[in-house]
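Participant: Those sequence lines, one after another, are chains A and B. Note that the working numbering gives residue 283 to position 283 of the first sequence, counting from 1, and the numbers run on in steps of one. Note that the working numbering gives residue 17 to position 17 of the second sequence, counting from 1, and the numbers run on in steps of one.
In case anyone wonders, no lab produced these hints; they're calculated from the structure. Take these hints with a grain of salt, some might be off.
[To be verified] Covered by chain B, according to a simulated footprint, are these stretches of chain A (three or more residues, beta-carbon under 8 Å):
| no. | segment |
| --- | --- |
| 1 | 123–135 |
| 2 | 186–192 |
| 3 | 238–250 |
| 4 | 309–320 |
| 5 | 347–358 |
| 6 | 373–379 |
| 7 | 426–439 |
No residue lacks a Cβ here, since even glycine has one placed at the ideal position from N, Cα and C.
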Amino acid sequence: MSELLIKTIRDLSEGIKNKKISSVELVNFYLDRIRKYDVEFNSYLTVNEDCMKGSDTSKQSQNKSLLFGIPAGIKDVIATKDIRLTGGSKILENYISPYDATVVGKLNEVGYVLLGKHNCDEFAQGSSNENSGYGPVKNPWDKSRVPGGTSGGSATAVAAGFCHYALGTDTGGSIRQPASYCGVVGLKPTYGRVSRYGLMSMTSSFDQCGVLSRRVEDAKEVLRVIEGEDTLDATSAQAPEMEDKLETLKGVRVGVPKEYFTDGLNEGVKKIIESAIGKFEELGASIVEVSLPNFQYALATYYITMFAEISSNMARYDGVRYGISQVDNKGLGDLEDLYRANRALLGEEVKRRIMLGTYVLSSGYYDAYYGKAQQVRDLIIGDFRKVFDNVDVLAGPVAPTPAFGIGEHLSDPLAMYLEDVYTVPVNLAGLPALSVPAGFVSGLPVGLHLIGKWWEDDKLLEIARMYEIATEYYKQRPKL
Amino acid sequence: MKVTQEEVEHIAKLVRLEISSEDKQGFVKEFSDILSYVEKLNEIKLDEITVRRGWLVDPKTGEERMNKWREDKITKKEGDEVRDKFISLASDSKDGYVKTISPLK
């Protein structure tokens, strides 16, 4: 059965239609693996054991979607009706979502199967999954290392074969960086392409829901289902119809931003990315060196904006309308005391960011920090607009290193933030981008970062698919 | 930017967070480090602040687009059971309202 792990959604869907395999068998295959191995990896916070209850397998032949009957996992910051939704936080340990996120509603319509909810950094804040209130997730290639974050549970679950694909969220690299560390595909779509309704808000002007999968074409099939304008998300828009499959990379222009190859990039990672770019050339693409002059300011711009938006988005977690509450504690004097007592359950990184955000937005500092960051954000977007006049995609590393050790960066928040240096410019600009497996450094996977032009997610995916089928790194699976 | 312990205490009060004295020490140092890093942006000299929304790109024109607003009106009337479900998530409730402790001592 383990050959199932390199099959595409299209292959499995064919199998279901021709009755070679049933959805029940697929679900049991994955549930068995979760039961057997996930105790060690901690990638699921909630396993949906009843997922086949009430499903009508006789409908199989009528449902045309490729996703019908294919088992998925969902990051636990995305709302699924009547199932626990923790956000990776202790403050929501008892919270049962009363509604579905728009993306989940769309998956329900096509008859997907939900295996469970994936562990993540608390409210999607972190770069290693170590900020989860429910313990860290382990990397399936080396259990002493992090899977990356914040969609670390999803990346581990997809890599280790605990689901066929997963929905994650990417605010500053939270899909792409764990995908790179775990050797899977991670797609962050164009901002606005996928509705954010029902995602726990972190940084509303960066957040985007996307896909983690083992194959590039699977990410495309899932995107096809979850995308679309939504009246419940004022920033969403209708994407243009996806173009057909690309047959060749001849004529494709790949831009290589020189700023992505400076100090701080691990030598092993650098070699892999250079050889991936060589592969593109071999496949007929033309390689163009480009420059993003304001790249050096992207991380600071990202962090100021993110802190600011977090400080307002986190205000809702007060334990009054939902979540764990100390309301029965007779020692509390007034509502302010209750807020403080309830919010004590928030983790250290969340507290740090709320406070930094409040600081950068405070009177006297607003213009110098937040206002300035918004201006620089505009300059960075301008850099991308210029380079995309001449290229189809940009290629570079996803992260400066392969997966690091659990605990390695915990005592130094700034060092942890530097992990995001190559991924955050994409979120500042709202561009589509992905990580596709590109090789290994000392047995640890490394992803190639491909960045597309606004709304050209389809072209980006096709270019990545051509690279994937020419290199076949997806065939290498971790030994659990 | 050097952040002081008083500033950390003041912000903690504003955001209703209880910070232990041990964490306070840590935050003073970390905040100073992080803010010094982000002050890199001061290297760029720019005119007056204008905030654009360049990350919101129109799929048809490729130009900047704005949020799409809709009227804030009830489009679907949910039954009492939906209301009850939301109210039941609160730690305490009475007669269909969320109940909490007094805002005044």
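Participant: Does each hint hold? Answer for all of them.
Facilitator: Evaluation of the provided hints:
1. 123–135: violated (count 0)
2. 186–192: With 3 residues close enough to chain B, the hint holds.
3. 238–250: holds (count 3)
4. 309–320: holds (count 5)
5. 347–358: That given contact holds, which follows from 7 residues of the segment 347–358 of chain A lying within Cβ reach (below 8 Å) of chain B.
6. 373–379: holds (count 7)
7. 426–439: Coverage by chain B holds for the segment 426–439 of chain A (3 residues, Cβ < 8 Å).
The structure does not agree with numbered hint 1 stated previously, though it agrees with all others.
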